[in-house]
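> Protein chains in written order, with the UniProt record's numbering: chain A, 1 to 285; chain B, 1 to 286.
Note that these hints are calculated values from the structure, not bench results. All values derive from a computational prediction rather than experimental measurement. Any given hint might turn out to be false.
What the hints assert, rightly or not - Below, a list of computed lysine-lysine pairs in the DSSO-like style, where the Cα atoms sit at most 30 Å apart:
#1 B:K78 / A:K283
#2 B:K45 / A:K283
#3 B:K118 / B:K78
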Amino acid sequence: MTNLDAAQAASVAERITARPLDPITLDRRVPPFGSFNITFLGIELRRKLRNRRTIIFTIIFPVGMFFLSGYPNHDIPLTAVPIAQGGLSVAAYIMVSMALYGAMMSATAAGGAVAVERAQGWSRQLRLTPLNPVANVATKIIAGLLLGLIAVGATYLAGALSGIHMSAAQWLSSGLASWLLGSTVFTALGLMVGYMVPSENAMQLTSLVVVFFSFVGGLFYPLSMMPPVVQAIAAWTPVYGIGEIARAPLTGSGFEPLAMINAIAWLVIFSLGTILLFRRDTKRV
Amino acid sequence: MKSFGSVRAVNGIDLTVRPGEIIAFLGPNGAGKTTTIDMLLGLGKPDSGTVSIFGRSPRAAIAQGHVSAVLQTGGLLKDLTVRETVRLTATLFADPRPVDEVLERAGIADIGDRMVVKCSGGQQQRLRFAMALLSDPGLLILDEPTTGMDVTGRRDFWNAIRADAARGRTVLFATHYLDEADAYADRIILVRQGRIVADGTAAEVKNLASGRTIRATISGVDESELAAIAGVETVERHGDSYSLTTRDSDAVARHLFTATDAYDVEITSHGLEDAFIALTTEGSAS
Numbered sequence: 001m002t003n004l005d006a007a008q009a010a011s012v013a014e015r016i017t018a019r020p021l022d023p024i025t026l027d028r029r030v031p032p033f034g035s036f037n038i039t040f041l042g043i044e045l046r047r048k049l050r051n052r053r054t055i056i057f058t059i060i061f062p063v064g065m066f067f068l069s070g071y072p073n074h075d076i077p078l079t080a081v082p083i084a085q086g087g088l089s090v091a092a093y094i095m096v097s098m099a100l101y102g103a104m105m106s107a108t109a110a111g112g113a114v115a116v117e118r119a120q121g122w123s124r125q126l127r128l129t130p131l132n133p134v135a136n137v138a139t140k141i142i143a144g145l146l147l148g149l150i151a152v153g154a155t156y157l158a159g160a161l162s163g164i165h166m167s168a169a170q171w172l173s174s175g176l177a178s179w180l181l182g183s184t185v186f187t188a189l190g191l192m193v194g195y196m197v198p199s200e201n202a203m204q205l206t207s208l209v210v211v212f213f214s215f216v217g218g219l220f221y222p223l224s225m226m227p228p229v230v231q232a233i234a235a236w237t238p239v240y241g242i243g244e245i246a247r248a249p250l251t252g253s254g255f256e257p258l259a260m261i262n263a264i265a266w267l268v269i270f271s272l273g274t275i276l277l278f279r280r281d282t283k284r285v
Numbered sequence: 001m002k003s004f005g006s007v008r009a010v011n012g013i014d015l016t017v018r019p020g021e022i023i024a025f026l027g028p029n030g031a032g033k034t035t036t037i038d039m040l041l042g043l044g045k046p047d048s049g050t051v052s053i054f055g056r057s058p059r060a061a062i063a064q065g066h067v068s069a070v071l072q073t074g075g076l077l078k079d080l081t082v083r084e085t086v087r088l089t090a091t092l093f094a095d096p097r098p099v100d101e102v103l104e105r106a107g108i109a110d111i112g113d114r115m116v117v118k119c120s121g122g123q124q125q126r127l128r129f130a131m132a133l134l135s136d137p138g139l140l141i142l143d144e145p146t147t148g149m150d151v152t153g154r155r156d157f158w159n160a161i162r163a164d165a166a167r168g169r170t171v172l173f174a175t176h177y178l179d180e181a182d183a184y185a186d187r188i189i190l191v192r193q194g195r196i197v198a199d200g201t202a203a204e205v206k207n208l209a210s211g212r213t214i215r216a217t218i219s220g221v222d223e224s225e226l227a228a229i230a231g232v233e234t235v236e237r238h239g240d241s242y243s244l245t246t247r248d249s250d251a252v253a254r255h256l257f258t259a260t261d262a263y264d265v266e267i268t269s270h271g272l273e274d275a276f277i278a279l280t281t282e283g284s285a286s
């Protein structure tokens with residue numbers, strides 16, 4: 001026996017005796033909450049933040065777009081109230097739009113993680129654990145909310161540091177609306193697509209669709225300056241409603257009831273789609 | 001029973017398994033091995049009949065950590081490290097074994113910080129094994145467990161399995177390495193077309209395809225003469241050399257040496273591979 005063999009044999013023996021020879025127990029528990037837990041959520045978030053594309057869409061793009069297209073308008077008043085008298089600037093309006101866009105993109109990615117998991121076979125691996133599929137979806141939704149919070153927080157921080165003025169109530173209400181509406185509606189969209197198409201490319205295509213909806217919904221370009229036909233169609237697209245609601249605190253003129261109906265309708269559509277496709281996925285064993 | 005269209009993939013596989021047994025599940029491609037394993041794990045439902053493990057449904061047995069598995073189809077997340085993958089999986093169980101312990105036992109403690117995407121096939125297979133050890137299951141199901149492992153890896157792997165079997169862990173593994181089944185399984189189950197065609201120890205299964213093969217170079221005889229020798233079952237000709245199968249190789253060899261000019265005589269016993277071929281070939285007695 002060579003020294004190497006002896007060393008290997010010793011390491012194997014050590015590995016075997018490192019474990020007491022207790023018999024395998026039959027006394028077992030089922031984990032609570034379908035195995036939902038904070039460590040699982042933490043690793044899920046860390047995965048997302050490690051992904052360069054997520055960072056670009058969540059932080060770099062909205063902050064960069066704010067500085068490129070928003071900040072240069074900080075002298076242009078948004079309403080009839082002049083900026084010198086405490087009025088808001090067009091830059092503030094664009095800041096909210098960009099924060100909402102960041103929240104939407106990161107939430108779409110968080111929900112769409114199920115597409116990658118299914119494509120890579122990880123969802124099948126999870127079937128070998130006690131994890132309840134509902135707990136997995138809940139983890140994705142919370143991750144979507146937290147990533148959305150990072151996106152809105154980063155954009156608002158950039159705005160505040162560059163001298164955007166709003167009342168505390170406006171910061172808070174527009175921020176909460178961008179965060180919660182953008183995250184929930186688009187996490188649902190991401191989940192729906194994820195359960196529909198198990199492919200790593202599905203989410204890249206979905207991101208393009210979200211960019212398109214953002215244009216049509218008036219996030220990048222004021223709807224009022226678009227042709228009437230486009231405006232009429234825009235009111236039916238999923239970004240229009242949440243965009244109007246999130247920016248309403250700034251204009252002071254409120255939002256159309258149609259905007260609220262639009263936002264709720266799309267949340268319901270994406271959520272129902274997710275539930276139906278999720279059921280199909282968990283039934284197909 | 002499980003059918004796909006008109007094909008009956010699995011048709012009445014009855015198994016009683018004792019705690020601590022290491023069982024090899026052998027069969028040609030399409031014999032129903034994977035279908036059976038999927039049903040045991042609740043990944044597939046039988047069209048009729050029920051699956052019960054530890055007196056529970058497969059899903060309940062998994063939730064309680066009674067059963068775990070290393071599957072070929074189970075994917076890993078590329079953007080996690082080895083340790084993160086095991087840590088994440090550990091959080092999903094009620095009373096998991098320590099992460100370091102399972103990494104050590106699977107032989108991947110030294111690559112804990114490596115990203116999964118950078119791991120070799122063998123390392124990913126060890127990672128799946130580490131994850132399967134977390135719940136300290138009473139039944140461990142392995143589908144081609146040592147695929148991609150080198151010789152040392154394979155030996156370490158089976159040493160770990162043997163140590164756990166002594167604690168009462170039952171191991172059911174599907175493999176296409178017949179020598180592995182021969183060397184490590186207490187019991188071999190051969191399946192063909194969804195049915196069990198042999199069930200026993202390696203020696204018992206080999207005996208089912210009993211007899212030996214005699215190869216010899218012989219001139220001046222024809223096949224019918226050889227086939228007429230008492231005890232010869234089949235004759236195959238390859239040029240001047242012949243292969244004879246027989247249940248009484250001593251008598252046949254004695255005849256060849258005395259009554260013919262046979263030379264270069266070789267007598268081989270049937271290995272597990274011959275038994276495998278004999279028992280799983282279309283049209284063979286079952």
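> Could you tell me which of the numbered hints above are not met by this structure, giving the numbers in increasing order?
none
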